[in-house]
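Q: Sequence:
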Amino acid sequence: MCIWIINYQAGEIVYQPIIQLFGFDNIYHETILVNNKYKWPIVQGLFKIYIELNPGENIIQLSTLTSELSFTLIYSPLKTTNITVRLIYVSFSDTVNHNIENICKKFVFLTKLVRCTFDEILYKQIGYKRSLLFDIEKKIHHISMLKKDFEDKLTGNDIFNDTYNQIYKTDLVENSSIKLIIKSSISSSLTFAYTFNNMIILNLPKQFSSLPISFDEFYENLNTNKTESLFYSIGAYLHELGHLFGLDHGNNQSSTIMSSSKGYIDSGKDFFLVSPCKPILNISCSYSNGVLSKHSTNLKCLCRSDIHCQFALKFNHH
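Letter by letter, the sequence shown follows residues 74 to 391 of the working numbering.
Check each hint, because a few of them may be wrong.
[Claimed, not checked] In silico EDC-like links for lysine to aspartate or glutamate, alpha-carbon gap of 16 Å or less:
#1 Lys-112 with Glu-141
#2 Lys-112 with Asp-289
#3 Lys-185 with Glu-125
#4 Lys-252 with Glu-313
#5 Lys-112 with Glu-290
#6 Lys-178 with Glu-290
#7 Lys-185 with Glu-210
#8 Lys-252 with Asp-289
#9 Lys-211 with Glu-174
#10 Lys-221 with Asp-235
#11 Lys-185 with Glu-290
#12 Lys-212 with Asp-244
#13 Lys-342 with Glu-301
#14 Lys-299 with Asp-289
#15 Lys-110 with Glu-290
#16 Lys-110 with Glu-125
#17 Lys-178 with Asp-289
#18 Lys-220 with Asp-231
#19 Lys-185 with Asp-208
#20 Lys-279 with Glu-301
#21 Lys-299 with Asp-339
#22 Lys-110 with Glu-141
#23 Lys-178 with Glu-210
#24 Lys-112 with Glu-125
#25 Lys-110 with Asp-289
#26 Lys-221 with Asp-231
#27 Lys-112 with Glu-293
#28 Lys-252 with Glu-301
#29 Lys-212 with Glu-174
#30 Lys-220 with Asp-235
#31 Lys-110 with Glu-293
#32 Lys-185 with Asp-339
[To be verified] Pairwise CB distance ranges (calculated):
#33 Phe-318 with Asp-339: 18 to 28 Å
#34 Lys-242 with His-322: 22 to 32 Å
#35 Phe-318 with Thr-297: 23 to 33 Å
#36 Glu-210 with Gly-319: 35 to 45 Å
Derived from the structure by calculation, the hints contain no laboratory data.
Since the structure is predicted, the reported quantities are computational estimates derived from the model, not experimental observations.
We put the beta carbon where it would ideally sit given N, CA and C, even for glycine.
Model the full structure from these sequences, guided by the hints.
A: Listed below in structure tokens is the structure:
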């Protein structure tokens, strides 16, 4: 066996529709094929791949030129959780917009990608159990505001404050267990992402126009010039999500998603792609009586996205 999945186990129950698999190929192939459809790069033996799951049992098939691996994951959508994330789309009521449905689909799909990536951050860095920190409401809310109320607002901070205050007058803010993530279309000239209390407001007009609305479109866009908008949006979203759950910029954060100086494009790219790194693995193997035994050692991943993380490769000892 030459392909190993490091962050999931066969038969595991997962609670979200899109997951990130992190794995290792000891033959150092260039690509890995998922379910005979999606091809992902392998960088110095490491790969990160994204998979969309259906409710119930999902058979995952991975293959390279010389190896195959098939295993099952069970997707069981969360029914209850301590914290609910509510998605809201804000636009002007006096501006004709025929793309509201399309924008909402992009917002929902981006949230799914960000959620699975945020889960991996928590899992790798603090050992938090995936997907149990928060759940996302299925319904996306749409709020219209008056353009005249924002005509004298010149900065992103001004727009954030007014949007924040207006939303807090609605019944969408129920209690402390509800956290609000707002996609704003109020300013077409300003780009900003701010968080205060339990609310994130993302105003990313240029970036949002290039975002995918489905997994297949997301996969196809990874090899186009639309990736910059995707990585920027993901980086900004992840950074603000960290603030939403209590993380600050902190000390020694220059290489993490919470850095105040790290660009959103680099942050998003770091979490989605594997970066070249130094030799990473040393596994001793022994063969006796027809059984290959692998003596596990620690895999130190030097990908920038996994800074301060260490994975233990787990094998069955014979």
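Q: Are the Cα atoms of Lys-185 and Glu-290 separated by 16 Å or less?
A: With Cα atoms ~14 Å apart, Lys-185 and Glu-290 stay inside 16 Å; holds.
Q: If you draw a straight line from the CA of Lys-112 to the CA of Asp-289, is it 16 Å or shorter?
A: holds (12 Å)
Q: Does Glu-141 sit within 16 Å of Lys-112, going by the straight-line distance between their CA atoms?
A: Status holds; Cα separation ~14 Å.
Q: With the threshold set at 16 Å, check whether the alpha-carbon distance from Lys-112 to Glu-290 stays at or below it.
A: Status holds; Cα separation ~14 Å.
Q: Is the hinted pair Lys-279 and Glu-301 satisfied, with a Cα-Cα distance of at most 16 Å?
A: Given that 16 Å is the threshold and the Cα spacing comes to 11 Å, the pair holds.
Q: Would the hint linking Lys-178 and Asp-289 be met if the CA-CA limit is 16 Å?
A: The hint holds at about 14 Å.
Q: Are the Cα atoms of Lys-110 and Glu-293 separated by 16 Å or less?
A: holds (12 Å)
Q: Against the 16 Å threshold, does the CA-CA distance of Lys-342 and Glu-301 hold or violate the hint?
A: OK: Lys-342 and Glu-301 at ~8 Å, within 16 Å.
Q: Lys-110 and Glu-125: Cα distance at most 16 Å?
A: Holds, at roughly 12 Å.
Q: Taken at face value, is the distance from the CA of Asp-289 to the CA of Lys-299 at most 16 Å?
A: holds (14 Å)
Q: Given the proposed pairing of Lys-185 with Glu-125, does the C-alpha separation stay at or below 16 Å?
A: Given that 16 Å is the threshold and the Cα spacing comes to 10 Å, the pair holds.
Q: 35 to 45 Å was suggested as the range; check whether the CB atoms of Glu-210 and Gly-319 agree with it.
A: At roughly 21 Å between Cβ atoms, Gly-319 and Glu-210 fall outside 35 to 45 Å, so the hint is violated.
In the structure shown, a violation is registered for the earlier hints numbered 8, 28, 32, 36, in ascending order.
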